[in-house]
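Q: Put together the whole structure using the sequences plus the hints.
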Amino acid sequence: MTSVARWDVLELPVAGPTGVHFRHASGATAYAESFQSEDGWLVRFSPDLEGEWSGSSGIEFTCTPGTSRGPVRRFGTALRWADGTPYHPLTTSWFGRPDQWAAARPAIAASPFNRVRLAFSETIEDQVSDLLTPGIVADVILPLDEATIRAAVNRLSAYRNVTWCLSPTSTPQATDVRRLAELIAELDPSHHLISMHEAIDPGPPWLTHLSVRLENLRGVSALRRDYAKPVFVDACGHEGNGTTPDTSLRPEEMLTRIWEGTVRGAYVTHGEWYVDTPWSAGGSRPTGVVAQRLRLLREVLDELPDGVEPIDDYRDAPTLAVPGSYYLQYLGEHQFPDRTFSLPEGVYDVDVLDVWNHSVRRTRENVTDTLTVRLPGTQYQAIQIRRTS
Amino acid sequence: MSIEKWGLHELTLTGPSGGNPFVDVEFQVTYQFRNRMVTVDGFYDGDGDYRARFSPDREGEWSYITSSSAPELDGHQGTFTCVPPGQGNHGPVDVLGRHHFSYADGSRYDCIGTTCYHWTYETKELQELTLESLREAPFDKVRMCLLPTDGMRPERTPFAGSTPGAVDVDRYDPVFFQHFESRVVDLLALGIQADLILFHPYDRGVWGFDRMTPAQDAAYLRYVVARLAAYRNVWWSLSNEYDFNHEKTIADWDRLLQLVQRYDPYQRLRSIHNGTKMYEVFTPYDFGKPWITHQSVQHWDGAEVAAWRECPKPVVIDEIGYEGNAGRRWGNLTADEMVHRFWQGMSLGGYVGHGESFVDRETRAWISIGGRLYGDSPERIDFLRAVFAGLPRQSDGEVDTDRCVLHYLGDRQPSAVELDLPDGSPFHFDLIDTRAMTITPLAEYTGPSRIPLPATPYLALRGTR
Chain A
1 MTSVARWDVL
11 ELPVAGPTGV
21 HFRHASGATA
31 YAESFQSEDG
41 WLVRFSPDLE
51 GEWSGSSGIE
61 FTCTPGTSRG
71 PVRRFGTALR
81 WADGTPYHPL
91 TTSWFGRPDQ
101 WAAARPAIAA
111 SPFNRVRLAF
121 SETIEDQVSD
131 LLTPGIVADV
141 ILPLDEATIR
151 AAVNRLSAYR
161 NVTWCLSPTS
171 TPQATDVRRL
181 AELIAELDPS
191 HHLISMHEAI
201 DPGPPWLTHL
211 SVRLENLRGV
221 SALRRDYAKP
231 VFVDACGHEG
241 NGTTPDTSLR
251 PEEMLTRIWE
261 GTVRGAYVTH
271 GEWYVDTPWS
281 AGGSRPTGVV
291 AQRLRLLREV
301 LDELPDGVEP
311 IDDYRDAPTL
321 AVPGSYYLQY
331 LGEHQFPDRT
341 FSLPEGVYDV
351 DVLDVWNHSV
361 RRTRENVTDT
371 LTVRLPGTQY
381 QAIQIRRTS
Chain B
1001 MSIEKWGLHE
1011 LTLTGPSGGN
1021 PFVDVEFQVT
1031 YQFRNRMVTV
1041 DGFYDGDGDY
1051 RARFSPDREG
1061 EWSYITSSSA
1071 PELDGHQGTF
1081 TCVPPGQGNH
1091 GPVDVLGRHH
1101 FSYADGSRYD
1111 CIGTTCYHWT
1121 YETKELQELT
1131 LESLREAPFD
1141 KVRMCLLPTD
1151 GMRPERTPFA
1161 GSTPGAVDVD
1171 RYDPVFFQHF
1181 ESRVVDLLAL
1191 GIQADLILFH
1201 PYDRGVWGFD
1211 RMTPAQDAAY
1221 LRYVVARLAA
1231 YRNVWWSLSN
1241 EYDFNHEKTI
1251 ADWDRLLQLV
1261 QRYDPYQRLR
1271 SIHNGTKMYE
1281 VFTPYDFGKP
1291 WITHQSVQHW
1301 DGAEVAAWRE
1311 CPKPVVIDEI
1321 GYEGNAGRRW
1331 GNLTADEMVH
1341 RFWQGMSLGG
1351 YVGHGESFVD
1361 RETRAWISIG
1371 GRLYGDSPER
1381 IDFLRAVFAG
1391 LPRQSDGEVD
1401 TDRCVLHYLG
1411 DRQPSAVELD
1421 LPDGSPFHFD
1431 LIDTRAMTIT
1441 PLAEYTGPSR
1451 IPLPATPYLA
1461 LRGTR
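Line by line, the protein sequences give chains A and B. Per my numbering, the first sequence starts with residue 1, numbered consecutively. Per my numbering, the second sequence starts with residue 1001, numbered consecutively.
None of these hints come from the bench; they were simulated from the model. Hints should not be assumed to be uniformly reliable.
Derived SDA-like pairs: lysine to any residue, alpha-carbon spacing no greater than 20 Å straight-line [claimed, not checked]:
(1) A:LYS229 / B:TYR1263
(2) B:LYS1248 / A:ARG225
(3) A:LYS229 / B:GLU1362
(4) B:LYS1313 / A:ASP201
(5) B:LYS1248 / B:ASP1301
(6) B:LYS1289 / B:ARG1329
A: Right, here's the structure in full:
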């Protein structure tokens, strides 16, 4: 009997255009429509429940335990992989031509990024499947065209590493956004995230998260509070020397925007635009300095404790915390001489992170009620406090 | 089981009745069509009954599964078939283009509203009379309140208790809601939208519904949405005369509007209505905010519609003054003035709502209690409705100016008008007497034209080609 691992891809050749209803032994159902591939009509399906499945086309198969973390799911304002582990995206945007992809691919795999924004093209599947093995999410930007969306979702939804983003539109038609977002939800058996970039109204339930353009990252706190959804700042400018304000950010500014938004609980997308071969327009590798410096943020994100949330206790600096046991505070462009924290009695590892110079100074502190952390008095400092006992 | 498209699926289960079930028990149902999932809040309906309501929008097989903090409500599964809509079921009303509306099946929605704030609080006989009046009237929307005013002493309110000062705002009265919902269904049967006013400023602390805590406001809205959102004729009006409630700020209204948006799986039309003291103040909510679907305006001048259309959302002047003989300026317009204001607002691409307040008749003011209509405006509004329904329109709902010109001449009495018509095939002109409700064919005109008129007020010219 056919078997497929949970969250892997089952592929079925079919005679022509059709829709297959799948049913799991538990009664759970899914629906997958065919698409026209180079080798004829195919149906793809990525089961998310282990055990016996049957399809209305007559197929029966077994779903075996997964070897991956599955697709990304929304939990309130946060994200998790389907296996329950937290997902902290760090994104770059790469909007190159299909013929530029082969050169860029190794650079992405070697980067600190675990999510890439990609434009839809006829060869988008190559990009999505290349990113599957390194576990990098492909946020696919779809044109507002029903036939294209139908074909793209039917072809790609079985890839666990895909998410959907509707292109922004200059002529807002709320009913079109709804129709297309609900069409994606109807066609996608894997229930991938759905957003619209720069949506006029990101509030309705058919959009799972916000994808915004925002230059002042302090604004993400209000967006998180008002919409109670994950906030992706998918456009805040590019490090580079381009000819527009959007493409000529100093690297310090790009880096601090990403840190500021991240510590406020959002997910901020990197972009780079040094003329001649701009990375975000299809360059073969990031040539600026921010991508390298984001390795420190990647390390911090990978070690964030489960359940970390922005807190309001420190009104003059954004702070992520699991109160009592973990704090991450970012001080941005301000040159504080020191910072004081109120903490429960205990022993703490205290890291002063110089995010621009990529250096970490660690001390271990015995705390009775407050802790004052001395700082170098320069910009772009972060403080990480972890309780050890 | 089969349910009409845009109809209502109701699931009833038995669960815990101890403690405060309205607060203690989480109960949701996730409905699924193909892969699309829609999660709705269920609600406690008293006597151990828990219900969930859902309105499917796609024909075919739907399944559902419950989830709850109470084991006896958790994990119930089922299926139903969604079948084509029956006769008269055009689906919910949605925004069309920027400034207009249509039913979900694409058919025209005229948007000719009226107001009967507390008609569901009256005697059974009066409520039946209201429905009878509405059956004969041209109106397709009724603005109506959930909450009582300070001076009312009803037997039931949305909350548990009916004595001011002794109402438990952490519990609701299911019997109140069951009755209220039956009236929403009665309106649906008449093809009338129920524009539900969720708060108002006429409490003044007597009931305390105007000054609940943010958590109580949120719980109330969640309960109301769980009960009522599945009825396809429901609209949300967060407040009447929101700016007259000094207990709440703009930030509060932002939050409450966003909560309704978050709770409502269907995204029914959603707005908030300002006060004016008639001619004196005008501080509308910022309708440009994304959670607002249309502009629910109170204002006395239909000519302002042109300015408000700068905001890309339909303009509905839900209160423009009322026909009647009340002792207040908002309620003693002549039918001529009332209908004139309608024509002004609608010929500029807005919508206008009716109201009536005769204070010396067999039944009290229509705007307060419904009952019987005495004025002369409804018949003329019906005439206006038919004229506007017959205009050639573009796909975005705007009048097609290439095929149609409409000039409302207002309260002036010109002996002729000069129009600079487009060249090309001629326009056939009709003279519309909005007061006498007559349409008289005139001649054909093209290019710069002079059209003689009878020099009486309240006329309109319509040219079509």
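Q: Against this structure, judge whether each hint is valid.
A: For each hint, the structure was consulted:
With a C-alpha separation of about 13 Å, the suggested pairing of LYS229 of chain A with TYR1263 of chain B holds against the 20 Å cut-off. For the suggested pair LYS1248 of chain B and ARG225 of chain A, the alpha carbons sit about 19 Å apart, so the restraint of at most 20 Å is met. This hinted pair does not check out: LYS229 of chain A and GLU1362 of chain B have alpha carbons roughly 54 Å apart, beyond 20 Å. A C-alpha spacing of about 13 Å is found between LYS1313 of chain B and ASP201 of chain A, which places the hinted pair at or below 20 Å, so the restraint holds.
Restraint check for LYS1248 of chain B and ASP1301 of chain B: not satisfied, since their Cα atoms lie roughly 27 Å apart, outside the 20 Å limit. Between LYS1289 of chain B and ARG1329 of chain B the CA atoms are separated by roughly 31 Å; this puts the pair beyond 20 Å, and the hint is violated.
When each numbered hint is compared with the structure, violations occur for hints 3, 5, 6.
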